[in-house]
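Model the full structure from these sequences, guided by the hints.
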Amino acid sequence: MKIDVDKLWDKFYDWLIITGPKLILAIVVFLIGQWLIRIIRKRMTGSMQRKSLNPSLQPFLRSLVFGVLQILLILLVIQVAGYPLTIFATLVGALGVAAGLALSGTLQNFTSGLLILIMKPYTVGDNIIAQGQEGTVTDIRVFYTTLTTYDNRTVIIPNSKLSNELIINLSAEGKRRLDIELKFPFTVDFQQAEGIIRSLLGRTEAVKKDPAPRIGVSVIEPDGYKLIINAWIEAHGFHDVRLKLQEEIIEHLKQQGVKLPGL
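Here my numbering is used: position 113 in the sequence shown is 113, and no number is missing along the way.
Misleading hints may appear alongside valid ones.
As the list claims (entries may be wrong) - Derived BS3-like pairs: lysine-lysine, alpha-carbon spacing no greater than 30 Å straight-line:
| # | residue 1 | residue 2 |
| --- | --- | --- |
| 1 | K120 | K183 |
| 2 | K209 | K259 |
| 3 | K254 | K209 |
Bear in mind the hints are in silico, worked out from the structure with no lab data behind them.
Here you go:
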């Protein structure tokens, strides 16, 4: 079979004349687009650092913006080159729907993670109660948050659970109120017990002087009354201070001759 070289050359020449300028323009657009994307990425990085954006969020946002810009640039280059985008757009749409259905839970955690990192209902180091767990936040990722409980268990909670349900931040205010309740028989004078306890609280460094501690009778029962102590202490180390202060109150009352129930 003889190949007609002249005819092939004519077809190639026609294709080159018609398509060549578009391909050259597409290459120029691609190179300029890459240059602009690098500038945008560099300025975005500097802006996030100046605004002290959460370190966990910075690489993700850079990757997200870079990926979106690259996709848009490729679509623009294809359009400039003269190729129709109808089939491509249909394929991308179908893949997007399938991926959305398959990753609906993951996407929900992802969106919730962004909200948590931006809105900051809690930060690393805060003590929180969430999903029935109490502990210290040790890590915040885009998809999940890690807590370390007081008995040293690591709890990983999906961010969708944290953004849609109740979170109690125990350390956001910097201090917490410690409530201690003691029961005394009626033979123990309230003024005496109050004076002994208030004296102890006054010289305990862990107890804040403002707001001042509050002591009063919370319940009156047939065989005695209950005395309630409200004292403000630092949020961090709350349980350690509670245990130590309760021990000191009992010992101090015994030293002052106050009879406690069962003794």
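**Prompt:** Which numbered conditions among the earlier hints are violated in the structure presented, ordered from lowest to highest?
**Reply:** 1
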